[in-house]
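Undergrad: Chain by chain, the residues run as shown.
2 protein chains.
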Amino acid sequence: MPRHRPVLLAAVLLLFALPARAQSPAATGEYPGLETGKMWTFDAPPMEYWAKRYDFRPTQAWLDHARLASLRFSTGCSASFVSPNGLVMTNHHCSRPCIESSTKTGEDLLGDGFYAPAKEGERPCQGLFMDQLQEITDVTDSVTAGIGAGTLPNVAADRRQAAIRRIETRCTQSVPNAACQVVSMYSGGQYKLYRFRRFSDVRLVFAVESQTGFFGGDPDNFTYPRYDLDLSIVRVYEDNKPANTEYFRWSPNGSKEGDLVFVTGNPGSTGRLNTMAQMQFLRDVQYPAQLDALARQIAVYQDLSRLSEDREKALRNTIFGLQNTQKAIGGYQSGLLDPRLMAQKREWERSFRARVTANAGYRQRFGGAWAGIETTRASLKAIDVRRRYHAFGAYGSRMLGMAAILVRWPVEMAKPDSSRLAGYREANKANLERVINSTTAVDPEQETRLLAAYFTAMKRELPATDPVLTAALAGRTPEVAAREMVAASTLKMAEGRKSLMEGGAAAIAASTDPFIKLARVIDPLERVIAKRVADLNNQEARFNEQVARALFAVFGNSVAPDATFSLRITDGEVKRYPLNGTYAPAYTTFFGLYDRHASFPGEEPWSLTKRWSERRDSLDLSVPFNAVSTADIIGGNSGSPVINREGQVVGLIFDGNMEMLPNRFLFTERVARSVWVDSRGIIEALRKVYGAKALADELEGKS
Amino acid sequence: MPRHRPVLLAAVLLLFALPARAQSPAATGEYPGLETGKMWTFDAPPMEYWAKRYDFRPTQAWLDHARLASLRFSTGCSASFVSPNGLVMTNHHCSRPCIESSTKTGEDLLGDGFYAPAKEGERPCQGLFMDQLQEITDVTDSVTAGIGAGTLPNVAADRRQAAIRRIETRCTQSVPNAACQVVSMYSGGQYKLYRFRRFSDVRLVFAVESQTGFFGGDPDNFTYPRYDLDLSIVRVYEDNKPANTEYFRWSPNGSKEGDLVFVTGNPGSTGRLNTMAQMQFLRDVQYPAQLDALARQIAVYQDLSRLSEDREKALRNTIFGLQNTQKAIGGYQSGLLDPRLMAQKREWERSFRARVTANAGYRQRFGGAWAGIETTRASLKAIDVRRRYHAFGAYGSRMLGMAAILVRWPVEMAKPDSSRLAGYREANKANLERVINSTTAVDPEQETRLLAAYFTAMKRELPATDPVLTAALAGRTPEVAAREMVAASTLKMAEGRKSLMEGGAAAIAASTDPFIKLARVIDPLERVIAKRVADLNNQEARFNEQVARALFAVFGNSVAPDATFSLRITDGEVKRYPLNGTYAPAYTTFFGLYDRHASFPGEEPWSLTKRWSERRDSLDLSVPFNAVSTADIIGGNSGSPVINREGQVVGLIFDGNMEMLPNRFLFTERVARSVWVDSRGIIEALRKVYGAKALADELEGKS
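Chains as they are written, first to last, in my numbering: chain F, 96 to 798; chain Z, 96 to 798.
In short, the hints are calculated from the structure, not lab data.
Note that the structure is a prediction, hence the values are computed from the model and not measured.
No residue lacks a Cβ here, since even glycine has one placed at the ideal position from N, Cα and C.
Heads up, a few of these hints could be off.
As the list claims (entries may be wrong) - Under the rule of at most 27 Å between Cα atoms (straight-line distance), these lysine-lysine pairs were calculated in the DSSO-like manner:
| # | chain 1 | residue 1 | chain 2 | residue 2 |
| --- | --- | --- | --- | --- |
| 1 | F | 214 | F | 788 |
| 2 | F | 587 | F | 626 |
| 3 | F | 670 | Z | 670 |
| 4 | Z | 408 | F | 670 |
| 5 | Z | 670 | F | 408 |
| 6 | Z | 705 | F | 351 |
Said to hold, decoys possible - Where chain F lies over chain Z, by a calculated footprint (3+ residues, C-beta under 8 Å):
| # | stretch |
| --- | --- |
| 7 | 677–683 |
| 8 | 691–702 |
Claimed, not checked - Facing chain Z, from chain F, some residues (calculated, C-beta under 7 Å):
| # | residue |
| --- | --- |
| 9 | 314 |
| 10 | 422 |
| 11 | 687 |
| 12 | 695 |
If we strip away everything but chain F, and leave its shape as in the complex, we get (with noise of 0.2 Å):
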């Protein structure tokens, strides 16, 4: 799982309410195999599925305790109320903005980890908050009356916006702390208003150190077995006391293998609908771009490293960063370029076809979407070479960006504030004058290597006549041309890029800067392919659109929607899974932790603490450390969850395996691995490593 997901931030705030009603849980669940995954939504439950798998039938006061004591957290994550006295369980990576805010002078809050025995030591976390889903409505008339089927795609796009809007607000205006979102699910096929009560008053009471809460770090990452506290917990407050509502209780046997578990939480995305031509798109075109330009990225810094111990030490982190994205993109990829997967796939999309085919109205109404979206894929596919060059994203070289922005600032600044490229208008633009400002000088082997690599690439993929080829290396190699641009640039300095902006239009038509000229080639030719990226996306969204209304027409609620960072819960087993010959086992032992530190001596990402090495022989190293179950879960399920049939703690998600990472677009679960700290490893730790015996006691109700 990433390590740094991006902060979604409730974008989609909220302010007035609907006349809501309770759904109830789908009463007939066709269940066409589980290709499309089971992150099932609260208002839909897969009632007759759960029953027929694993003969559980849950009450609607187990749903709605489960769905109540769930929360989604602003940093991105997930979470859960693990107490009646308001302590809530995630990550330690969900709660690293609090941990940073909450350190004061001379204190190393990351490095040393935290613990308040007592509730006057808890230090609040500015800003954030946790949202409790209330209830679920169904607003798709609301949000699509008025839009017909001749409405132009972006017409019907600020309409549906609108509407959206409006819903949001009034649902906000109508119970106090409520936040309200609409929920677009099945690409539009839906839309759901979900209202949440918010809790604004969070204030950090334990979180482990970053080496405990990241153990093995990005090399690990993705992987199991594994041995990774990546715990954190906080208590929410309401009127500054002490969150008092629905709470799951903590397991007082933990879980065994074959158990069944639910894991509750908020997954980010996943591309489970997308069609053929989406999936072949990404394999033959995007990934292998992407994963080519990250491993010449790579190989730059990598060669940057061996020149000196100073370089080595600095890049190790970004080098580290990119093979975990690497690693990422190169599991979605393994999961397209499985042969059996895309089979799968393809049968399942035939399958699906034939039924909306065999209906006279879905096949009118549905029918050519899947044709569409082959369209527009093969437009994007023949212009994708330019869509990569005609660009700015040089592969991290800081003075093409800073070009860029020398270049467009003038332009943009002329226009009216609402025209402007969204980084240029009032609000945004001081981040692009820090990067001018910037006081960090510029590296010019790493500038130049870069840029090589960038023009190599470039070199090879282009045509000879390429505007942006011929402009950059004008006769020269690759390597000649990056190294007397960086050479020649005043780019290199504040006071030359200072001066170019000072200057204006003028300045930067009369520059004569290697970087400058470049720039002002790219400029007009990527404003050109970004607007006709714009509006093949756009005309792509409403085959999407399509597609999903008929994957609703056909399978109603028996296929659970893509994922969209709203509250879901997903159905899993304990259990080891083959890897490598042998098995990799359900659970983890503290024993592992320490076999895997002693494995690596003296290496950062396996190092630990002193209170860890020091605590060792305290602890009872059998303890069940981490687990892993066939709950269906991704990026954004961070600090979920996991309970058992009772509605009890079992776990604590913190990533997936890379087996796991194929399952954005197909989902199966042969290999495929949720991974979490197991109950009993988090007690074990807080009372014998961490002494935290009042945290220890109020999670498992002794308090």
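Fit chain Z to the known structure of chain F by using the hints.
TA: Showing chain Z alone in chain F's frame:
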């Protein structure tokens, strides 16, 4: 590594001695890539390659010492002297016959382990011996003398065999305790006389419990990270006194990641000189058929296991064993299916053939070999289905095997001994009689299911008119045919079989037993096809020899010959490798043993003996336990020492990882690793778990 290596007895024995000269190390190695691996012979050590790659320049004394401290164990394993008093270190699984034969009534040495603190307590390993390599002599000229290009293949083979026997006999009689073997290198491109000193008084000193020596069982076999103490120690005596000869000293500090290490031992068999045609045959014909058969057989046993707990218990080890074979063949096949590996092999062959073609003499002598092999492989491919079904190897059906013996018995017994099929000769026939007279009950359900699966496969693969298929099914479904045959047959009971055996040819001819009837159809067909396969193999052997001679002509000794269960030395580095998105560490620790044990509570392959549970806290759990290096090994290397630059013991080979399996055909070292027990782990366990102070002292040179 296969758990039960076929015990390669020194089938090639030994009588007289040629005057021998020591071979000088290859002076000018070319080392055209390492595709053919690093299993170097002691008469052609790759001095330039070692110097260049590791800055390592061993003296002749270093090499002689390493050779003389290394042993070939008659159980098909490798071993080494590790004390001046004849202590020999090898794997537990290599000493198994000795442990079994040493066990007295009321004891369970396999289950409990064994330790003789004093020499009086050591127990003789009946019939086992160790061979120490004294001298290597090139006898190619003597072996091939008088075999011209025009000699018929059969005649040439006979002459060669006779020459080899003469050479071996003379050598064996040359000095006391000599054991001599002519080893064919490069598929007969070279013949080398290996003269050994044989130590026939071998006594058991120490053995771990089977559970410890095979921790993780078949599931963990061929895998890493690993936690296995596959160790036994024997002592070699001469004239009733501990043998005092060259030995490897124990490293005082063990190894660390990045260290250069060597492994000396006797790799059994590789196919790195295989041509593309031979590899394609394995990939497209042989391995798919074997994997198919294994999968079917496993499915039958798994189905049977579900019938009762007793069956499940009885079949568990059979299933594990088959899965282990499946894992090994699957591993080989994964290499052949890897497009990159095959492309590398193809390029290697192309460049090799180009060099053959470029030399007129080579072209004339060797140039036709590849096309020749393509032809024989095409012929073998054409008859492969018949080879598999016009045969008695009916997936483990005991009854069909018995029927084969009964039908063939009168035919073979009527021939002179030397003309009979090997199993029916006077020296061997008791084994067949034992099969017929066995009192172990035939399991009709198991027979029926195995046979039904066999018939099903047959029906799918053979044409409907095939005589064996027609005879077997007689119009019935495979299931009905199998059930009726087993039900009707008298071969289920020993009496039924005995009366048919005693009745001779007449009884067989008159029998209406369905198995006898089927065997009468198979028998003549099987003889025809076996003859054809043997002829094709003989034909191909000559082409193989040409390829090997060409290789030797082009590259000389700089290409290591394929493994032949003769002493080799291989170099490697202690090195982690990328596994499943992260790294498999260079070393594991005792922590990991207890982690894996605790991760599979109550499951047999990962259980620990009482001793290991009770003494856990006395161990320093962070001591390195198992480790990996890039040394080039294969089955037969079991029990090999891992030594450092100083020729000191740092480990004990016992397995290779999954990723090493494709090395059978093309050596690579990115992720392929040999797996060993760390010398520090051995001492820690001997002292703390086994209380074997005297033994540990002797190994460490402290006694």
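Undergrad: Against the earlier hints, flag every one the structure doesn't satisfy and list their numbers going up.
TA: Result: hints 2, 3 break, sorted rising.
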